[in-house]
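Protein chains in written order, with my numbering: chain Z, 21 to 120; chain V, 388 to 879; chain X, 5 to 492.
Note that these hints are calculated values from the structure, not bench results.
Hints may be right or wrong, so weigh each one.
[As the list claims (entries may be wrong)] In silico SDA-like cross-links for lysine to any residue, where the CA-CA straight-line distance does not exceed 20 Å:
hint, chain 1, residue 1, chain 2, residue 2
1, X, 394, Z, 78
2, X, 103, Z, 98
3, Z, 107, V, 490
4, Z, 107, X, 342
5, Z, 35, X, 377
6, Z, 97, X, 88
7, X, 384, Z, 61
8, X, 384, V, 502
9, X, 60, X, 23
10, V, 535, Z, 99
11, V, 594, V, 628
12, Z, 107, X, 101
13, Z, 97, Z, 111
14, X, 308, Z, 67
15, X, 241, V, 423
16, X, 103, Z, 106
17, X, 308, Z, 71
18, X, 241, Z, 88
19, X, 241, Z, 89
20, V, 535, Z, 108
21, X, 91, Z, 99
22, V, 484, X, 344
23, V, 484, X, 371
24, X, 488, X, 453
25, X, 293, X, 264
26, X, 418, Z, 58
Computed from a prediction, not measured in an experiment: that's the story for all the values here.
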Amino acid sequence: MSAPENGVNAETVRKIARLSRLHVAEGRLVPLADELNGILGWIEQLNEVDVDGVEPMTSAVDVSAPLRADQITDGGKRDAVLANAPKSDSGFYVVPRSVE
Amino acid sequence: MFTAERVADEKDWMKGETGDWELIIGLEVHAQVSSNAKLFSGAATEYGAEPNTQVSLVDAGMPGMLPVINEFCVEQAVRTGLGLNAQINLFSRFDRKNYFYVDLPQGYQISQFEHPIVGEGEIEIHPEDGDAVKVGIERLHLEQDAGKSVHDLSDDETYVDLNRSGVALMEIVSKPDMRSPEEASAYVDKLRGIVRALGTCDGDMEKGNLRADVNVSVRRPGGELGTRCEIKNVNSLRFIRQAINHEARRQIEIIEAGGTIDQETRLYDSVKNETRSMRSKEDAHDYRYFPDPDLLPLQLEQSFVDNIKATLPELPDARKARFVEEFGIPAYDAGVLTADKVTGDYYETTAKGRDGKIAANWVMGELFGALNKAGIDLADSPVSAENLGGLLDRIADNTISGKIAKTVFEKMFEGGGSADEIIEREGLKQVTDTGAIEAMVQEALDANPAQVEKAKQNPKLLGFFVGQVMKASGGKANPQAVNQILRAKLGL
Amino acid sequence: MSDLTNLTLESALTGMASGDFSSEEITRAHIDACMEAADLNAFITTTFEQAMDMAKASDARRAKGEVGKLEGAPLGVKDLFCTEGVKTTAASQILGDFKPPYESTVSANMKADGMVMLGKLNLDEFAMGSSNETSSYGNVVNPWKNGEELVPGGSSGGSAAAVAADICLGATATDTGGSIRQPASFTGTVGIKPTYGRCSRWGIVAFASSLDQAGPIAKTVKDSAILLDSMAGYDPKDSTSLNVDNGDWVNSCGKSIKGLRIGIPKEYTVDGMPTEIQSLWDQGIEWMKDAGAEIVPVSLPHTKYALPAYYIVAPAEASSNLARYDGMRYGARVDGENLNDTYERTRAAGFGPEVQRRIMIGTYVLSAGYYDAYYLRAQKVRTRISEDFKNAWENCDALLTPTCPSAPFAIGRKLNDPITMYLNDIFTVTANLAGLPGISVPAALDQDGLPLGLQIIGKALDEDTVFAAAGALEKAANFTAKPKKWWV
Ligand SMILES: [Mg+2]
Ligand SMILES: [Zn+2]
Chain Z
21 MSAPENGVNA
31 ETVRKIARLS
41 RLHVAEGRLV
51 PLADELNGIL
61 GWIEQLNEVD
71 VDGVEPMTSA
81 VDVSAPLRAD
91 QITDGGKRDA
101 VLANAPKSDS
111 GFYVVPRSVE
Chain V
388 MFTAERVADE
398 KDWMKGETGD
408 WELIIGLEVH
418 AQVSSNAKLF
428 SGAATEYGAE
438 PNTQVSLVDA
448 GMPGMLPVIN
458 EFCVEQAVRT
468 GLGLNAQINL
478 FSRFDRKNYF
488 YVDLPQGYQI
498 SQFEHPIVGE
508 GEIEIHPEDG
518 DAVKVGIERL
528 HLEQDAGKSV
538 HDLSDDETYV
548 DLNRSGVALM
558 EIVSKPDMRS
568 PEEASAYVDK
578 LRGIVRALGT
588 CDGDMEKGNL
598 RADVNVSVRR
608 PGGELGTRCE
618 IKNVNSLRFI
628 RQAINHEARR
638 QIEIIEAGGT
648 IDQETRLYDS
658 VKNETRSMRS
668 KEDAHDYRYF
678 PDPDLLPLQL
688 EQSFVDNIKA
698 TLPELPDARK
708 ARFVEEFGIP
718 AYDAGVLTAD
728 KVTGDYYETT
738 AKGRDGKIAA
748 NWVMGELFGA
758 LNKAGIDLAD
768 SPVSAENLGG
778 LLDRIADNTI
788 SGKIAKTVFE
798 KMFEGGGSAD
808 EIIEREGLKQ
818 VTDTGAIEAM
828 VQEALDANPA
838 QVEKAKQNPK
848 LLGFFVGQVM
858 KASGGKANPQ
868 AVNQILRAKL
878 GL
Chain X
5 MSDLTNLTLE
15 SALTGMASGD
25 FSSEEITRAH
35 IDACMEAADL
45 NAFITTTFEQ
55 AMDMAKASDA
65 RRAKGEVGKL
75 EGAPLGVKDL
85 FCTEGVKTTA
95 ASQILGDFKP
105 PYESTVSANM
115 KADGMVMLGK
125 LNLDEFAMGS
135 SNETSSYGNV
145 VNPWKNGEEL
155 VPGGSSGGSA
165 AAVAADICLG
175 ATATDTGGSI
185 RQPASFTGTV
195 GIKPTYGRCS
205 RWGIVAFASS
215 LDQAGPIAKT
225 VKDSAILLDS
235 MAGYDPKDST
245 SLNVDNGDWV
255 NSCGKSIKGL
265 RIGIPKEYTV
275 DGMPTEIQSL
285 WDQGIEWMKD
295 AGAEIVPVSL
305 PHTKYALPAY
315 YIVAPAEASS
325 NLARYDGMRY
335 GARVDGENLN
345 DTYERTRAAG
355 FGPEVQRRIM
365 IGTYVLSAGY
375 YDAYYLRAQK
385 VRTRISEDFK
395 NAWENCDALL
405 TPTCPSAPFA
415 IGRKLNDPIT
425 MYLNDIFTVT
435 ANLAGLPGIS
445 VPAALDQDGL
455 PLGLQIIGKA
465 LDEDTVFAAA
475 GALEKAANFT
485 AKPKKWWV
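Hey, can you work out the whole structure from these sequences and the hints?
This is the structure in structure tokens:
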């Protein structure tokens with residue numbers, strides 16, 4: 021397994037974990053970097069494929085997106101919407117304060 | 388492309404300690420599509436509902452819930468694109484913009500990044516104190532709105548209402564073609580007029596249905612471009628001007644003190660009239676856009692676009708030009724009368740088949756004055772366009788004088804009804820019976836022998852007698868007839 | 005009445021139709037079997053009481069002459085399908101006690117057709133795994149054993165183990181890179197992943213949206229056709245659902261394959277593959293020939309790149325699909341010092357290590373500066389893989405390959421070596437990338453007495469041919485072995 025061209029280090033792992041909103045203990049950064057590099061190194065074999073002029077495939081279905089009519093068919097189910105909420109009050113979801 | 392070549396008029400330069408500065412402004416306007424249901428779900432969009440009552444499980448980001456595109460929203464985006472004289476892209480695609488926030492239930496916003504539904508276009512704006520300016524449109528794309536966070540119901544928690552979550556927005560991105568706060572607000576005002584004329588967005592800025600992100604940078608006049616800052620969600624034309632002024636001033640002060648501008652997102656505080664940074668630096672954003680795998684590309688038929696084109700209403704600019712041409716009114720009047728659809732329609736009904744200039748004077752003078760005084764919108768005017776038109780007809784055929792017409796108008800404004808009904812009821816019909824007028828003229832001459840002599844020397848004094856006769860007739864005597872008879876009797 | 009659990013779905017439906025036994029009886033027999041098989045850990049949640057109610061209601065419907073496609077059949081549902089009012093976990097802690105106020109389209113279709121739901125089956129967490137060892141509800145044990153306890157495959161390990169152990173007549177499953185076919189191969193059951201877009205994804209917890217597809221795990225090819233016919237169908241709530249009719253799948257299972265051109269892709273011979281698997285494949289070729297098929301060598305040159313491409317595309321989509329699990333609107337919230345800390349602690353506590361690993365890989369390959377090198381390139385490779393199949397279809401009507409490069413392995417053996425684990429899906433993942441139907445049919449036992457499967461891959465929307473070829477394969481292989489019921 022070759023080292024990936026775009027290898028990650030502890031700092032990259034910290035950044036990715038932050039973007040992913042995953043708490044990673046300081047001591048796990050290096051082991052995680054090693055793990056990810058193992059996978060990324062294996063993935064790098066894709067560089068062998070000639071993809072010049074090839075369109076990326078974003079879906080296995082080759083039709084246009086279906087469109088629906090502009091009708092109100094949903095909503096009015098606040099109880100169902102809030103039923104599983106860790107915390108709710110007066111019809112609102114209640115979450116940790118998002119501004120200082 | 389970017390028209391950086393255009394240098395602002397000198398009057399728009401900002402004075403700094405070290406010399407003059409020029410403002411470079413671009414806008415991203417979010418216009419809420421006037422649809423019944425949301426962009427990707429069947430929940431309602433109506434404003435002001437109880438929290439979380441207009442939320443589907445899709446809008447709440449429940450596991451396994453999937454988006455399906457609202458056709459009407461696609462149509463409105465195309466319609467708006469056509470109104471902006473822009474390229475309509477038959478192939479477009481929805482992408483995910485990934486970030487975490489409490490009012491973003493899915494953890495991503497579905498937007499259009501690489502392939503927007505509308506490409507480049509151009510509109511012309513008319514700032515109040517300057518020449519017409521062309522503003523390039525970079526793109527228009529469809530995206531979903533986020534929910535609403537409420538911070539004042541608890542000291543240490545945030546309350547979240549997802550009623551707005553998933554509502555369809557058109558993000559209209561301009562090129563950085565504006566050079567002054569006035570141009571920026573004229574641009575937003577023009578956009579507002581266009582979407583309202585098209586019926587694609589109600590343009591209500593107070594409700595946040597049309598709001599602007601303003602990109603501002605400063606440079607030496609004609610010089611190299613500076614670093615821009617984005618001011619988010621400004622929701623009135625006045626605030627747009629104030630925010631730009633403040634932000635440009637802030638940037639100039641930093642640069643002149645030897646500092647540099649950080650590209651960042653800022654917030655306009657209309658209470659303190661200042662902008663401030665919205666996000667801390669460590670929270671650098673990386674939205675990781677990629678095509679939404681839950682949605683297939685949107686592929687439109689040319690006929691879909693052509694059908695929309697065929698039903699496109701006349702836009703403010705075109706209507707203004709036509710009013711000048713068809714009704715012979717000055718460009719300024721035409722601009723006022725086409726500012727929005729209701730005004731344009733009102734004027735057009737009033738002026739059709741009549742003297743356009745007189746109609747314009749009545750609409751902009753008597754009518755607007757009375758509405759203003761009473762605090763009533765034109766849409767709710769007690770005087771209908773048909774009735775005002777009828778009033779103008781009675782002036783034209785000499786049934787009433789212009790002066791009496793004002794009385795008729797007042798009655799109309801108070802209680803409604805047609806001009807004919809009011810004239811009949813109030814006995815305001817002009818006296819054209821020459822015998823009756825002759826008697827009144829004779830009476831006036833007999834009562835003022837000294838004035839008769841003077842008037843014979845100086846015909847300009849004829850007005851005195853006209854006034855006397857008009858007074859005696861309660862304003863109903865036909866002024867032309869009075870004049871004629873007077874002149875004959877005095878031998879003039 | 006314990007032998008009611010040995011029936012196939014087909015014979016159970018026939019038995020109820022001819023009044024040999026009621027839904028209540030066969031459901032009771034399966035509930036008993038489920039309780040005896042607790043050691044397999046196949047279920048996360050059982051719904052036995054509701055099952056008995058559903059069985060009674062089914063019997064009542066039958067008495068009135070209302071008989072659906074699955075009328076009265078006790079079945080299991082992978083715990084990735086949202087089921088109204090019944091806890092749905094995706095085998096993750098992050099969903100907490102989430103009880104969906106809605107029913108997935110696939111399970112709703114089956115309920116409308118008379119299904120009796122026994123419960124929610126175990127799986128790899130968020131369907132990310134090939135051994136069912138990443139489940140936060142404990143691993144599933146393969147009913148097949150060779151001294152040590154073996155994995156049932158994954159991610160639909162609970163579904164496969166339950167069907168193999170005769171505790172469900174059949175089960176729903178999902179397949180993103182092989183998660184139906186690989187566990188079917190590991191447990192001696194039949195599993196089909198239909199063409200992408202056949203089964204609605206609405207209400208199924210998403211892993212990788214452009215690859216996920218539901219399908220059944222069953223005891224026979226015909227049972228799988230009966231189940232798929234109930235599960236599949238157009239759903240306007242899923243934009244990627246195909247508006248096409250189901251084929252005549254149940255009847256296709258018995259159709260002759262005389263003259264059918266079966267392609268043998270040379271790239272499916274991989275280094276280190278056990279000779280037993282190569283010889284089973286050769287045997288399969290002979291069976292197809294004997295059934296009248298024409299054997300055609302074909303080349304799918306980009307096969308070896310399918311798995312690395314998959315390990316970019318799937319984590320990328322997953323990193324975004326799993327962003328909604330943030331402890332704000334549902335699921336378990338772990339309070340932190342501030343909002344971001346709450347997000348981070350909630351997600352770190354709620355997701356297991358494999359899920360976190362894939363979220364981070366996915367975040368990385370989509371992030372600024374790496375998108376083109378990883379994600380975009382992978383999507384282009386995906387186009388190449390899809391083109392390979394299109395070229396192959398010029399010369400053949402379906403492909404025959406092994407399902408997996410190995411027999412089921414011991415629990416714990418590959419857990420700490422992600423790439424070795426990923427290689428399990430090497431033969432199945434191509435069909436996901438190209439959106440094609442693929443079925444695994446049990447074909448033989450290896451020298452340790454463990455089941456091995458062969459796979460048929462067909463053209464998009466050509467499940468009829470897939471079922472015909474699978475039926476012929478099943479007939480020739482005559483695989484009748486059953487695991488010993490050591491758990492009883
Ligand atoms: Mg923006
Ligand atoms: Zn936007």
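Structure-based check of each hint:
1. 394/X x 78/Z: holds (17 Å)
2. 103/X x 98/Z: holds (15 Å)
3. 107/Z x 490/V: Holds, because 15 Å separates the two Cα atoms, which is no more than 20 Å.
4. 107/Z x 342/X: holds (16 Å)
5. 35/Z x 377/X: holds (19 Å)
6. 97/Z x 88/X: Judged against 20 Å, a Cα distance of about 15 Å means the pair holds.
7. 384/X x 61/Z: holds (19 Å)
8. 384/X x 502/V: holds (18 Å)
9. 60/X x 23/X: holds (14 Å)
10. 535/V x 99/Z: This hinted pair holds, its Cα atoms lying about 18 Å apart.
11. 594/V x 628/V: Judged against 20 Å, a Cα distance of about 19 Å means the pair holds.
12. 107/Z x 101/X: holds (14 Å)
13. 97/Z x 111/Z: Measuring from Cα to Cα gives roughly 11 Å; hence the hint holds.
14. 308/X x 67/Z: Between residue 308/X and residue 67/Z the Cα gap is close to 12 Å, so the pair holds against 20 Å.
15. 241/X x 423/V: Between residue 241/X and residue 423/V the Cα gap is close to 18 Å, so the pair holds against 20 Å.
16. 103/X x 106/Z: holds (13 Å)
17. 308/X x 71/Z: holds (15 Å)
18. 241/X x 88/Z: Distance of about 9 Å is within 20 Å: holds.
19. 241/X x 89/Z: holds (12 Å)
20. 535/V x 108/Z: holds (15 Å)
21. 91/X x 99/Z: Roughly 17 Å between the alpha carbons, so the hint for residue 91/X and residue 99/Z holds.
22. 484/V x 344/X: Holds - the C-alpha atoms of residue 344/X and residue 484/V are around 18 Å apart, at most 20 Å.
23. 484/V x 371/X: holds (11 Å)
24. 488/X x 453/X: Answer holds: residue 488/X to residue 453/X is near 11 Å, not above 20 Å.
25. 293/X x 264/X: Within the cut-off at roughly 10 Å; holds.
26. 418/X x 58/Z: Since the Cα atoms of residue 418/X and residue 58/Z sit roughly 15 Å apart, the hinted pair holds (cutoff 20 Å).
When the structure is compared with the earlier hints, no violation turns up for any of them.
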